[in-house]
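Colleague: Work the whole structure out from these sequences, hints included.
Residue numbers (the working numbering), protein chains in the order written: chain A, 2 to 317; chain B, 2 to 317; chain C, 26 to 285; chain D, 26 to 285.
Calculated from the structure, these hints are not laboratory results. All of these numbers come straight from a predicted model, not from anything done at the bench. A couple of the hints might just be wrong.
Capping the alpha-carbon separation at 25 Å, the derived lysine-lysine pairs in PhoX-like fashion look like this [claimed, not checked]:
| no. | chain 1 | residue 1 | chain 2 | residue 2 |
| --- | --- | --- | --- | --- |
| 1 | B | Lys-277 | B | Lys-290 |
| 2 | A | Lys-83 | A | Lys-50 |
| 3 | B | Lys-50 | B | Lys-113 |
| 4 | A | Lys-83 | D | Lys-259 |
| 5 | A | Lys-83 | A | Lys-113 |
| 6 | B | Lys-236 | B | Lys-156 |
| 7 | B | Lys-50 | C | Lys-259 |
| 8 | D | Lys-99 | C | Lys-99 |
Here is what each chain is made of, one letter per residue.
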Amino acid sequence: MDLSVRIGSLTLPNPLIAASGCFGYGLEYEQVVDLSTLGAVVSKGLFLKERQGHPPPRIVETPAGMINAIGLQGIGVHRFVKEKLPQLRAHGARTFVNVCGSTLDEYVEVCKVLSQAEGVSAIELNISCPNIKEGGIQFGCSLTGTYEVVSAVRKATHLPVIPKLTPNVTDVASFARASEDAGADAVSLVNTFLAMAIDVETRRPTISNVMGGLSGPAIRPIAVRMVWECYQLVKIPIIGMGGITNARDAIEFMLAGATAVQIGTQNFVDPFVWGKVLAGIEDYMTRHKVERLSDLIGAFDPSPVRGDKPVVGTNL
Amino acid sequence: MDLSVRIGSLTLPNPLIAASGCFGYGLEYEQVVDLSTLGAVVSKGLFLKERQGHPPPRIVETPAGMINAIGLQGIGVHRFVKEKLPQLRAHGARTFVNVCGSTLDEYVEVCKVLSQAEGVSAIELNISCPNIKEGGIQFGCSLTGTYEVVSAVRKATHLPVIPKLTPNVTDVASFARASEDAGADAVSLVNTFLAMAIDVETRRPTISNVMGGLSGPAIRPIAVRMVWECYQLVKIPIIGMGGITNARDAIEFMLAGATAVQIGTQNFVDPFVWGKVLAGIEDYMTRHKVERLSDLIGAFDPSPVRGDKPVVGTNL
Amino acid sequence: MANLRLSREYSVLSLAAPEVGARTRPGQFVMLKPAGVTDPLLRRPFSVFEILRDSRGAITGVSILNKRAGRSTKRLYDLEVGDVVSCLGPLGLPFTPVSAPRQAWMVAGGVGLAPFATLAESLAASGTPTTLFYGARTSDELFYLDFFGRLGVTLVLATEDGGRGVKGRVTAPLEQALKSVGADGAMVYACGPEPMLEAVAKLAARYHQPSQVSVERVMGCGLGGCYSCVVPVKHGNEEANLVRSCISGPVFDGAELVWD
Amino acid sequence: MANLRLSREYSVLSLAAPEVGARTRPGQFVMLKPAGVTDPLLRRPFSVFEILRDSRGAITGVSILNKRAGRSTKRLYDLEVGDVVSCLGPLGLPFTPVSAPRQAWMVAGGVGLAPFATLAESLAASGTPTTLFYGARTSDELFYLDFFGRLGVTLVLATEDGGRGVKGRVTAPLEQALKSVGADGAMVYACGPEPMLEAVAKLAARYHQPSQVSVERVMGCGLGGCYSCVVPVKHGNEEANLVRSCISGPVFDGAELVWD
Ligand SMILES: Cc1cc2nc3c(=O)[nH]c(=O)nc-3n(C[C@H](O)[C@H](O)[C@H](O)COP(=O)(O)OP(=O)(O)OC[C@H]3O[C@@H](n4cnc5c(N)ncnc54)[C@H](O)[C@@H]3O)c2cc1C
Ligand SMILES: Cc1cc2nc3c(=O)[nH]c(=O)nc-3n(C[C@H](O)[C@H](O)[C@H](O)COP(=O)(O)OP(=O)(O)OC[C@H]3O[C@@H](n4cnc5c(N)ncnc54)[C@H](O)[C@@H]3O)c2cc1C
Ligand SMILES: Cc1cc2nc3c(=O)[nH]c(=O)nc-3n(C[C@H](O)[C@H](O)[C@H](O)COP(=O)(O)O)c2cc1C
Ligand SMILES: Cc1cc2nc3c(=O)[nH]c(=O)nc-3n(C[C@H](O)[C@H](O)[C@H](O)COP(=O)(O)O)c2cc1C
Ligand code: FES
Ligand code: FES
Numbered sequence: 002m003d004l005s006v007r008i009g010s011l012t013l014p015n016p017l018i019a020a021s022g023c024f025g026y027g028l029e030y031e032q033v034v035d036l037s038t039l040g041a042v043v044s045k046g047l048f049l050k051e052r053q054g055h056p057p058p059r060i061v062e063t064p065a066g067m068i069n070a071i072g073l074q075g076i077g078v079h080r081f082v083k084e085k086l087p088q089l090r091a092h093g094a095r096t097f098v099n100v101c102g103s104t105l106d107e108y109v110e111v112c113k114v115l116s117q118a119e120g121v122s123a124i125e126l127n128i129s130c131p132n133i134k135e136g137g138i139q140f141g142c143s144l145t146g147t148y149e150v151v152s153a154v155r156k157a158t159h160l161p162v163i164p165k166l167t168p169n170v171t172d173v174a175s176f177a178r179a180s181e182d183a184g185a186d187a188v189s190l191v192n193t194f195l196a197m198a199i200d201v202e203t204r205r206p207t208i209s210n211v212m213g214g215l216s217g218p219a220i221r222p223i224a225v226r227m228v229w230e231c232y233q234l235v236k237i238p239i240i241g242m243g244g245i246t247n248a249r250d251a252i253e254f255m256l257a258g259a260t261a262v263q264i265g266t267q268n269f270v271d272p273f274v275w276g277k278v279l280a281g282i283e284d285y286m287t288r289h290k291v292e293r294l295s296d297l298i299g300a301f302d303p304s305p306v307r308g309d310k311p312v313v314g315t316n317l
Numbered sequence: 002m003d004l005s006v007r008i009g010s011l012t013l014p015n016p017l018i019a020a021s022g023c024f025g026y027g028l029e030y031e032q033v034v035d036l037s038t039l040g041a042v043v044s045k046g047l048f049l050k051e052r053q054g055h056p057p058p059r060i061v062e063t064p065a066g067m068i069n070a071i072g073l074q075g076i077g078v079h080r081f082v083k084e085k086l087p088q089l090r091a092h093g094a095r096t097f098v099n100v101c102g103s104t105l106d107e108y109v110e111v112c113k114v115l116s117q118a119e120g121v122s123a124i125e126l127n128i129s130c131p132n133i134k135e136g137g138i139q140f141g142c143s144l145t146g147t148y149e150v151v152s153a154v155r156k157a158t159h160l161p162v163i164p165k166l167t168p169n170v171t172d173v174a175s176f177a178r179a180s181e182d183a184g185a186d187a188v189s190l191v192n193t194f195l196a197m198a199i200d201v202e203t204r205r206p207t208i209s210n211v212m213g214g215l216s217g218p219a220i221r222p223i224a225v226r227m228v229w230e231c232y233q234l235v236k237i238p239i240i241g242m243g244g245i246t247n248a249r250d251a252i253e254f255m256l257a258g259a260t261a262v263q264i265g266t267q268n269f270v271d272p273f274v275w276g277k278v279l280a281g282i283e284d285y286m287t288r289h290k291v292e293r294l295s296d297l298i299g300a301f302d303p304s305p306v307r308g309d310k311p312v313v314g315t316n317l
Numbered sequence: 026m027a028n029l030r031l032s033r034e035y036s037v038l039s040l041a042a043p044e045v046g047a048r049t050r051p052g053q054f055v056m057l058k059p060a061g062v063t064d065p066l067l068r069r070p071f072s073v074f075e076i077l078r079d080s081r082g083a084i085t086g087v088s089i090l091n092k093r094a095g096r097s098t099k100r101l102y103d104l105e106v107g108d109v110v111s112c113l114g115p116l117g118l119p120f121t122p123v124s125a126p127r128q129a130w131m132v133a134g135g136v137g138l139a140p141f142a143t144l145a146e147s148l149a150a151s152g153t154p155t156t157l158f159y160g161a162r163t164s165d166e167l168f169y170l171d172f173f174g175r176l177g178v179t180l181v182l183a184t185e186d187g188g189r190g191v192k193g194r195v196t197a198p199l200e201q202a203l204k205s206v207g208a209d210g211a212m213v214y215a216c217g218p219e220p221m222l223e224a225v226a227k228l229a230a231r232y233h234q235p236s237q238v239s240v241e242r243v244m245g246c247g248l249g250g251c252y253s254c255v256v257p258v259k260h261g262n263e264e265a266n267l268v269r270s271c272i273s274g275p276v277f278d279g280a281e282l283v284w285d
Numbered sequence: 026m027a028n029l030r031l032s033r034e035y036s037v038l039s040l041a042a043p044e045v046g047a048r049t050r051p052g053q054f055v056m057l058k059p060a061g062v063t064d065p066l067l068r069r070p071f072s073v074f075e076i077l078r079d080s081r082g083a084i085t086g087v088s089i090l091n092k093r094a095g096r097s098t099k100r101l102y103d104l105e106v107g108d109v110v111s112c113l114g115p116l117g118l119p120f121t122p123v124s125a126p127r128q129a130w131m132v133a134g135g136v137g138l139a140p141f142a143t144l145a146e147s148l149a150a151s152g153t154p155t156t157l158f159y160g161a162r163t164s165d166e167l168f169y170l171d172f173f174g175r176l177g178v179t180l181v182l183a184t185e186d187g188g189r190g191v192k193g194r195v196t197a198p199l200e201q202a203l204k205s206v207g208a209d210g211a212m213v214y215a216c217g218p219e220p221m222l223e224a225v226a227k228l229a230a231r232y233h234q235p236s237q238v239s240v241e242r243v244m245g246c247g248l249g250g251c252y253s254c255v256v257p258v259k260h261g262n263e264e265a266n267l268v269r270s271c272i273s274g275p276v277f278d279g280a281e282l283v284w285d
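Modeller: And the structure:
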């Protein structure tokens with residue numbers, strides 16, 4: 002059974018990737034999961050400098066999901082390279098670095114630092130954080146902005162460049178196309194949906210930043226749709242995410258066109274999710290006689306079903 | 002205690018409105034709820050002519066939500082006026098008609114028919130149905146399209162015109178603004194989120210139309226955010242909806258700026274929701290010494306909370 | 026509330042719901058949801074299986090023949106005495122009973138047995154000669170045979186593995202019977218998997234007998250609100266219409282259903 | 026699994042989790058979630074209350090002092106024997122125990138009692154003179170007094186209604202005690218509502234005694250993954266940093282916490 006998948010020049014042993022911001026810097030989880038068994042680990046979003054992020058409360062639970070506005074608290078790229086990368090390498094982790102910037106120059110600068118470091122497998126370009134004004138969303142919500150920042154970073158680094166797209170746009174596939182045109186090696190989607198919850202007893206926000214990003218199973222049906230839309234428009238690999246909780250969900254994203262998948266929120270619910278999803282994928286492959294997992298990529302057959310019985314429950 | 006709210010020239014006895022497509026033509030529910038006790042009833046979406054809609058399966062459940070692609074099966078405006086309106090009037094229902102069109106002319110035509118009928122309180126202009134290509138979404142996803150169709154309908158009818166906005170856009174508030182500029186009396190939002198679920202065992206769609214609209218509690222945090230965004234940009238009343246299940250949720254939307262709220266999916270879960278939400282609102286008003294419910298509209302105080310304890314659970 | 030497990034898949038769930046029981050007619054259904062549960066979100070439709078009565082004969086509720094098919098049915102299977110289930114109903118249009126000399130033939134596949142317990146009681150009360158054609162995967166999954174026996178119902182059984190009755194589909198003995206149906210004719214009632222329903226409706230038509238078929242569609246509301254549950258129905262020479270099976274069904278004239 | 030209701034709000038939930046029990050040190054916590062439940066989605070943090078042992082003294086699990094505050098805690102309160110709870114832990118940094126001649130003063134507000142059962146045992150084992158300052162709303166909500174009594178812990182109680190012990194806040198008797206603390210000094214341990222923690226930390230500082238404060242933040246993961254649980258912490262003259270209380274806490278040096 003071959004679970005490996007290829008993203009540009011990278012080969013991952015399996016398609017399961019820890020989503021940015023949901024796995025610390027990876028090392029936090031070394032006692033729970035052998036980092037080398039994951040397809041890859043994406044770091045928390047990093048700017049050039051350290052950031053404190055937003056004051057707490059930073060998360061609030063919602064139906065089948067959560068809103069977060071961490072505000073990209075982070076140690077900055079220099080400390081990351083010095084303090085975290087060597088250990089990640091020692092653990093055999095394939096490390097993607099989630100790169101943020103307030104300006105185009107900052108994106109380029111952070112990527113240059115990472116290009117010179119040892120142990121970075123790819124750059125995930127965060128142009129989609131909904132929680133902070135200067136978090137790149139001004140790039141991520143404009144086609145020309147996306148094109149510009151991806152082009153600039155493309156020129157600045159030999160590493161694979163993977164823009165992470167926001168779902169808060171009318172036509173996400175056009176952003177995937179702009180990324181492809183600008184030389185991206187892959188795209189990852191979706192980042193969180195801009196959302197808000199009010200404490201009706203106090204009439205105040207539930208999180209300090211008022212608005213935050215919605216993640217978790219609630220958003221999965223929208224995320225799957227977006228992956229499928231992108232798959233039909235671009236040729237570069239897609240890394241899909243949004244509410245994946247188990248093997249079924251991961252396979253759903255792959256069928257919709259994802260080459261690899263990321264798990265975020267579910268890692269909070271169950272940090273042992275990784276082994277369970279891998280086992281579930283293997284079970285699926287056995288049952289369906291799938292030799293190479295990559296054969297499932299985009300294998301969704303959209304010709305309409307007729308009749309009375311969809312498998313309703315399996316989508317819950 | 003005064004629960005009434007005003008939408009343009011209309012006064013509703015309370016803000017609870019049955020959402021389009023989730024309450025049949027209203028009459029289906031006459032044995033479950035006294036239609037005159039609702040703020041208003043919105044009909045299923047109506048074209049000029051009858052429509053069969055999509056083949057089943059048409060719905061699939063998802064985490065804290067459901068996807069539907071009914072495809073606007075309906076009896077057409079003429080039969081509606083003849084067969085349903087008189088009965089709705091007899092029941093004392095305030096009836097909003099959800100108007101669809103494949104072309105600008107069809108929208109205008111349907112509205113003209115309704116203007117001449119007796120017993121229509123308002124027109125909810127459906128420019129946001131994600132399920133059918135010719136369902137107005139080409140108007141609802143373009144600012145000029147929205148402006149044009151609202152202007153045209155505005156000229157064709159004396160009835161209050163309430164465009165229903167799609168959430169599948171980058172900046173929903175700009176669409177509310179375009180509607181206001183074109184003479185809309187109010188806006189309602191959100192319609193469903195374009196979404197999709199795959200049956201991984203068969204690799205086929207779970208609903209015949211492949212994609213459909215996501216509704217239910219899952220989308221509530223995004224819908225509340227959108228209502229709040231619109232409230233800050235436009236002066237006309239906002240009718241808010243998306244995942245309302247109880248009084249808390251209804252109040253959350255009102256605090257975010259909704260003058261009235263619609264309930265859709267929860268009416269499937271519990272057709273007795275109406276009385277329960279009303280009672281819950283009255284209880285809230287008593288506890289918080291709110292004399293006029295309309296005082297709550299937009300009463301959200303977004304100044305950030307600090308400290309450790311948001312009321313997490315109340316948003317579930 | 027009681028929950029009697031008949032097998033690892035089937036259970037009979039008794040609900041204290043006197044009003045529902047009092048108003049239910051054979052073939053109607055209820056929409057169920059364990060109280061307080063938000064996942065799954067939507068209710069699920071279930072035929073009323075039995076009308077429950079206390080020792081003095083007063084109606085106390087209804088029972089449901091529940092088969093584990095997915096999340097909700099598993100949850101219902103796992104319920105214990107004391108758990109609360111929210112029950113909406115009775116809903117839908119019932120079977121139209123026939124009376125002697127016409128015969129009543131009930132054709133059930135698997136959990137499709139559910140609506141026939143109340144129908145059999147009502148037919149027995151009117152003295153209508155009744156036969157139950159009942160198919161299941163194995164003999165272990167043939168339930169309530171004594172119940173129907175006590176009502177004087179003739180049993181014709183079929184199992185896929187041949188463990189009891191005819192081996193194979195229940196439509197085979199049905200066709201045999203149809204070939205030799207008497208002059209007074211039979212009303213064929215059917216409930217079960219879609220292919221069985223189609224076969225039964227077509228068989229009945231071929232042998233010029235009327236049929237009443239209870240269809241199963243995914244239902245969002247059960248009250249006509251959502252239009253999820255439509256089936257194509259054709260009256261005479263009109264064009265087929267997509268009709269809501271929750272309020273214009275679940276029981277339809279087999280001759281009017283369009284099979285695609 | 027057992028679930029002993031102490032009142033209409035409090036219960037003690039016993040979990041069969043020998044490994045967690047064996048590894049837990051006083052002040053650590055676990056992240057709990059009833060098995061199979063998807064709503065609420067996230068786990069919730071709970072201090073380990075007792076380490077459970079069988080009759081031969083072997084560790085069999087842990088207990089949790091659970092107070093109904095919202096959805097998850099209500100669900101945990103309602104659990105019955107046999108229900109399964111998924112338990113992740115032990116997590117976080119424990120209290121640092123002190124030993125005689127220094128005294129140990131534990132200050133608990135309400136459910137903040139939870140981490141002190143294990144701490145008291147460990148202090149008793151090392152012979153450290155220990156006092157529990159324990160405040161609650163009413164005398165009915167003062168739990169496990171016998172337990173602490175048996176360990177030789179001196180009890181100083183306070184209730185808001187004056188039903189037992191001092192009337193008012195527990196910080197009042199604490200301040201009294203701090204005023205006359207002996208030369209060997211006391212380590213002040215605190216767990217409870219945020220205003221109490223702040224008051225205790227500041228009182229301890231004012232009277233030049235060290236304090237260890239267990240803070241409570243909304244926790245998404247408990248493992249350092251989400252950065253939801255941060256508290257501002259200041260070492261000496263450095264600028265305050267937002268530090269994850271799940272892995273760098275929940276116990277902090279009271280002098281280093283920044284109260285805003
Ligand atoms: C009028 C009517 C009467 C019924 N009577 C009975 C009965 O007496 N006993 C019984 O065990 N079952 C009955 N069913 C079927 C029962 O409703 C489904 O088995 C149940 O909805 C499955 O729910 P689930 O959450 O367990 O499965 P899911 O996890 O939701 O899905 C599992 C399977 O069940 C099918 N299904 C899901 N939802 C529905 C739905 N709303 N309607 C029909 N099929 C669905 C799916 O297509 C899928 O194949 C009846 C259905 C209808 C329409
Ligand atoms: C380290 C630590 C140890 C704790 N130990 C105990 C204990 O031993 N016994 C006990 O009863 N409680 C303890 N708590 C508090 C407990 O975690 C919360 O009461 C619980 O999370 C509330 O969940 P809920 O779903 O019932 O409430 P919700 O419905 O989610 O919310 C109700 C209230 O609880 C608060 N709350 C919600 N989630 C959390 C969270 N993750 N952390 C903190 N507060 C939250 C909310 O802000 C709100 O005020 C501890 C908290 C922490 C951080
Ligand atoms: C607490 C939290 C923090 C996040 N931080 C980041 C981040 O720093 N950079 C980023 O690109 N995405 C971030 N995300 C988004 C996730 O990587 C992911 O795109 C999203 O959560 C959807 O996946 P999920 O539903 O599996 O969580 C964060 C999400 C959460 C919940
Ligand atoms: C089955 C179904 C049918 C719907 N049909 C229509 C429709 O005809 N016209 C329309 O404007 N919205 C339609 N909607 C959208 C709802 O009116 C509402 O905007 C949406 O469901 C969000 O509210 P909810 O989460 O309370 O359901 C439909 C929704 C559902 C679930
Ligand atoms: S189930 Fe909703 S209309 Fe039939
Ligand atoms: S709870 Fe997630 S980092 Fe502390």
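Colleague: Next step is simple, just say for each hint if it's right about the structure.
Modeller: Each hint tested on the structure:
1. B/Lys-277 / B/Lys-290: The hint holds at about 19 Å.
2. A/Lys-83 / A/Lys-50: holds (13 Å)
3. B/Lys-50 / B/Lys-113: Roughly 14 Å separates the two Cα atoms, so the pair holds.
4. A/Lys-83 / D/Lys-259: holds (23 Å)
5. A/Lys-83 / A/Lys-113: Distance ~15 Å between A/Lys-83 and A/Lys-113 Cα, so the pair holds.
6. B/Lys-236 / B/Lys-156: holds (20 Å)
7. B/Lys-50 / C/Lys-259: holds (20 Å)
8. D/Lys-99 / C/Lys-99: Holds, because 24 Å separates the two Cα atoms, which is no more than 25 Å.
No hint from the list above goes unmet by this structure.
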